[in-house]
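Visitor: Going line by line, the protein sequences match chains S and Z.
Its first residue numbered 1, the first sequence is counted upward by one per residue in our numbering.
Its first residue numbered 1, the second sequence is counted upward by one per residue in our numbering.
No wet-lab data here; the hints were simulated from the structure.
In this text, all values refer to a predicted model and were calculated from it rather than measured experimentally.
Just so it is clear, CB atoms sit at the ideal spot from N, CA and C, and this is done for glycine as well.
One should not assume that every hint holds.
What the hints assert, rightly or not - A short, non-exhaustive set of chain Z residues, derived as facing chain S with CB atoms under 10 angstroms: (1) ILE12; (2) GLY16; (3) TYR35; (4) PHE45; (5) VAL98; (6) GLY109.
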Amino acid sequence: GEDVEQSLFLSVREGDSSVINCTYTDSSSTYLYWYKQEPGAGLQLLTYIFSNMDMKQDQRLTVLLNKKDKHLSLRIADTQTGDSAIYFCAERASGTYKYIFGTGTRLKVLA
Amino acid sequence: DTGVSQNPRHKITKRGQNVTFRCDPISEHNRLYWYRQTLGQGPEFLTYFQNEAQLEKSRLLSDRFSAERPKGSFSTLEIQRTEQGDSAMYLCASSLVVSGANVLTFGAGSRLTVL
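With these hints in hand, go ahead and build the complete structure from the sequences.
Guide: This is the structure we're talking about:
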């Protein structure tokens with residue numbers, strides 16, 4: 001089936017690390033993506049990881065991929081108030097052109 | 001290029017009316033997607049175009065919904081005989097393949113309220 005699951009909420013203090021988790025179902029996904037959505041705006045690509053990688057680091061962002069468990073995580077180091085947003089993971093459904101998005105994790109950063 | 005542009009940003013209509021949304025993608029992007037997003041949910045796929053060809057349409061999409069991309073540039077999404085359940089944010093995205101990854105760029109969306 002096609003399903004991407006995420007926890008709904010995460011609250012952290014400014015300066016701490018945030019870890020947002022995602023589980024997906026399609027083991028054939030070649031790339032997995034993280035998007036960010038701020039209020040009243042469309043989704044913005046944050047980063048993506050190729051399925052043959054376990055980890056990808058991009059400045060404050062670290063993506064970890066566990067293919068065996070179909071688990072993806074996004075770690076944001078030194079979280080800032082500007083990181084408050086909804087974060088979506090996404091994968092492409094095999095045999096189709098469509099991308100499946102999770103329900104989103106709302107990150108709230110407390111000053 | 002100013003990114004993906006969607007119009008109108010907000011539309012309020014009465015049940016039973018028809019509405020049309022327009023999407024202007026990034027000019028060099030040949031792939032275009034429409035998604036629907038309701039409060040507290042992730043985007044839900046509606047349809048996909050490659051150039052002017054509509055290659056995929058969600059099975060969940062009723063026949064009241066139709067989309068076109070006549071010249072492979074801008075696209076329109078029309079909803080006929082709107083229902084209250086159609087109230088949502090309609091998102092358009094265009095994409096380009098970068099090092100093998102298909103990176104979608106989203107517009108700000110068109111919010112539909114059906115009274």
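Visitor: When the nearest CB of chain S is found for TYR35(Z), is that gap smaller than 10 angstroms?
Guide: 8 angstroms, holds
Visitor: Can the hint on ILE12(Z) be confirmed by a CB-to-CB distance to chain S that is less than 10 angstroms?
Guide: 16 angstroms, violated
Visitor: Could you check if PHE45(Z) really has its C-beta closer than 10 angstroms to a C-beta on chain S?
Guide: 4 angstroms, holds
Visitor: Grab the minimum C-beta distance from GLY16(Z) to chain S and call the hint holds if it beats 10 angstroms, violated otherwise.
Guide: 28 angstroms, violated
Visitor: Checking hints one by one. Is VAL98(Z) an interface residue toward chain S, by the C-beta closer than 10 angstroms rule?
Guide: 9 angstroms, holds
Visitor: Using the nearest Cβ pair, does GLY109(Z) come within less than 10 angstroms of chain S?
Guide: Result: holds, 5 angstroms to nearest chain S Cβ.
Consistency note: the structure conflicts with the earlier hints numbered 1, 2.
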